[in-house]
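> The chain contents come next:
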Amino acid sequence: MSDDELIWRIAGGSGDGIDSTSQNFAKALMRSGLDVFTHRHYPSRIRGGHTYVEIRAAGHEVQSRGDGYNFLLALGDSFARNPQEEAYYGNEELKPLSENLDDLREGGVIVYDEGLLTEDDVAELDLEEKAEENGWHVYPVDLRGLAKEHGREVMRNTAGVGVTAGLLEMDLEHIEDLMSDAMSGDVLESNLDILHEAYEMVGDEIEVEHDLRAPEGEHDAEQALLSGSNAIAYGAIDGGCRFIAGYPMTPWTDVFTILSQNFPKMGGVSEQVEDEIAAAALAVGASHAGAKAMSGSSGGGFALMSEPLGLAEMTETPLVLLESMRAGPSTGMPTKPEQGDLEFVLYTSQGDSSRVVFAPGSIEEAYEQTRLAFHIAWEYQIPTIIIYDQKLSGENTNVDVAFFDREPEPGLGSTLTEEELAEAAHDNSGKFKRFQHESENGVSPRSLPGQKGGRYLATGNEHSPVGHISEDPDNRVYQMDRRLQKLESIREELDEEHESNQAAFGDDDAEYGIITWGSSQGAVQEAVERLNEQGHAVKGLGVSDMMPFPEAEVTDFLESVDEAMVVEMNATAQFRGLIQKELGRFGEKMTSLLKYNGNPFEPAEIVEGYEVNLADEDREPTAQVRIEPAAGD
Amino acid sequence: MSAFNAIGEEREIDREEFTPGVEPQPTWCPGCGDFGVLKALKQALPEVGKTPEEVLTVTGIGCSGKLNSYLDTYGFHTIHGRSLPVARAAKLANPEVEVIAAGGDGDGYGIGGNHFIHTARENHDMTYIVFNNEIFGLTKGQTSPTSPKGHKSKTQPSGSAKSPLRPLSMSLNAGATYIARTAAVNPNQAKEIIKEAIEHDGFAHIDFLTQCPTWNKDARQYVPYIDVQESDDYDFDVHDREEAARMMRETEDVLNEGTVLTGRYYVDDESPSYSQEKKAVGEMPEQPVAERYFDEDAEWERSYDLLDRHV
Ligand SMILES: Cc1ncc(C[n+]2csc(CCOP(=O)(O)OP(=O)(O)O)c2C)c(N)n1
Ligand code: SF4
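Protein sequence lines correspond, in order, to chains D and C. Everything in the first sequence is counted per this note's numbering, starting at 1 for the first residue and increasing by one. Everything in the second sequence is counted per this note's numbering, starting at 1001 for the first residue and increasing by one.
Simulated from the structure, these hints should not be mistaken for lab results. Hints are not guaranteed to be accurate.
[As the list claims (entries may be wrong)] Computed cross-link-like contacts, DSSO-like style, restricted to lysine-lysine with a CA-CA straight-line distance of at most 27 Å:
1) C:K1140 - C:K1162
2) C:K1162 - C:K1149
3) D:K452 - C:K1042
4) D:K265 - C:K1279
5) C:K1140 - C:K1217
6) C:K1039 - C:K1278
7) C:K1195 - C:K1042
8) C:K1195 - C:K1279
9) C:K1042 - C:K1191
10) C:K1042 - D:K433
11) D:K452 - C:K1039
12) C:K1162 - D:K265
13) C:K1039 - D:K433
14) C:K1162 - D:K452
15) C:K1217 - C:K1154
16) C:K1039 - C:K1154
Same shape as in the complex, but just chain D (with noise of 0.2 Å):
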């Protein structure tokens, strides 16, 4: 645990302004030269409840959330004090001071809004004996007061922020920057005013007795704060997507939206239909007549989607679907992330069908493979599926923006010129064959319609070269063979062509392995190098290649360990079910951490993980987590 970050955590009810404030409080940061990286928790309410964003910042790469937290800001809830609510909720007034002490580490500091709550309020809950046991400091602050005098009540997230920055002695400018870019007139005046006030009480009024103080750090280059919806969002448009039909559904809303808002501006479509069959077909629809389309949902709309996922299977339609997932089975924890719907995603849909599967471990991979799934998707002919969480969803941190510096792919992939078509093969009534290949990898090119010389039917069943359907055994092994035999030839080119997705860390040679997927990547990065550190040899693997399967890469790794702890936030182990459904082996080497109570994975818990498992100690691990044996244990 390093002493030089700040993990400020502002909490508060669900509507309460958490997520803009901490939104900009983050940019502010990342603006005087830190590393930052959010983490946003949230209950499925739309006002009221309690919630909270905690925002890591650091004089070096962050990774993850990091391990509990440094600095409390507690608004009080301003939505439990509506009588009306009271009744349904109860008094949730206290929550965010109450519901978070038990996070907060040693020697760290508190600031509540004494303008919500009164001192019987926080004498309930033995705040000053809690205090001295930790060596928190805990200041009290009438922040509504203060926002009440210059305007409107809402504004003591200002308050809030200005009393902070005075706390950890940061500058004011970057925070005026942005308010200024964000609002302007009376609104700003005033806010600038609270800010100043709430700033100045800090030595005036308030005595400073803690040490924490903003972490210093410098960027040599031009950055960018980017959730993990912003970053598919902008590889889809790098990638040439210009269509997208959705329903909303908690957490690929975000990304819905984002394009939705962007795509007027660059001559895209963004559609909201009836359900989530009719936003995937809608896709293929598009797809089929020539648009980069895409469409996405979580697990419950996901279900809906495996028939047109089947269907552009089939007719060979082009197609990037998104599954971001959320605790399951059926509506499950709809605000809470879990890696539950892996198997679905690999296996949904009827018959031998395939699809290529994409699960990225960072925000900067979310950009890039987004981008790949529309490269392979339309060179390939085939569904592509980006699954990711709620987790890598709602997280930010910031990027280099030369990152961005690359040229866009608008391309069409395998789909034929009328020049091209012209010379393809057609059938005698002049039928374009467009499901028969020439070439090695299984792909035989499109047309669209409207083109001239490229008529053929495109059909969810069985089919003939020019579409008719067909029942005729040869013609169905033969397609059958041509489909399956496109996994191979994308195996081929990710392998060949393309930087590897897998991401890999830690002591080289090192004789125990932590493997991972997805969201959890960055926690189990960090966790490597923590125990390297600690004078453990230890390395790390985070795959991002479901389907097909990384098969040489991950053997590799898995030969070169003695061990494996494999993570990921559900309760079956499907990740370590696919590896050996992959390769067929390593099933006495691997055992599982696992995490399903709703919230992802510290780093801590996973150092507290291998030294559970390497110890072979009699123990469960103390965090909410869970080791499942190796195969044969």
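Keeping the supplied structure of chain D fixed, place chain C with the ligands upon it in accordance with the hints.
This is chain C with the ligands only, laid out in the frame that chain D set:
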């Protein structure tokens, strides 16, 4: 040079161009009403000046869904009930393609009912032909959403307890701007109605009565029908929503009692189509999205410009 030269091509078109070569021969039963739709379409398309390559026919699953296997245009034979979402997106991606969707009453009013309501509501510029034989044909004669109350089938052996759905009224309420009913036994009217539907700028819904001699021998569709436009008994203004609604109700009340009325029921030429509306609010570009990929001068705006950047 445009990437879609078949679109808008002007030349003399022979209806035989819409017939695929020797294969495949229709597998419909002798006497099936589906032949009537196929024939009417083959006649209508050249008459409205459409070439096979600028037309995209999108079908569902059922005997009806095989329409585009026997009609030589660009085609997409989708899955059960999903022809409309596929079709309307193709139209949004390339509005210059002539899109015709088709399927059965089970396909379109049953499993695809939700899509039907929403496609009509949005008034997509396309034609939708529902082969209404009041039965599930391909799966061998189960009761369909348009089968009359009391209809006996293998799955409802005591007779269906449900009243049939009212496709015309449903369509009107949902927002379709051209609504007609025609019948396979009336080829001339069928052809004329299909032509009008194709030329209509908005969602044109044709409830096409097709007899299924194999599974639905009792259907009333063989009785003589009356053309509402030709008969003096049914004088009403097809542009008037109220009058159209009343006429639809009347027809739907008596359909299963031996009187079959066909013809146009509602025509709204005023309301803009969905793509016009979408363009008007800035949600859709003027140039078809599909064409842009072939346009060498196209500017592909970068995500880079959307980033909030700072050192
Ligand atoms: C999802 C799904 N459910 C069921 C079926 C089986 N099925 C095929 S056609 C059909 C009904 C066909 O009836 P209709 O749409 O009225 O068309 P018709 O055959 O009468 O032309 C059914 C239920 C299917 N193919 N897919
Ligand atoms: S089963 Fe009925 S609908 Fe199907 S082809 Fe035969 S007659 Fe036509």
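> Hint by hint, which ones does this structure get wrong, listed from lowest number up?
6, 12, 14, 16
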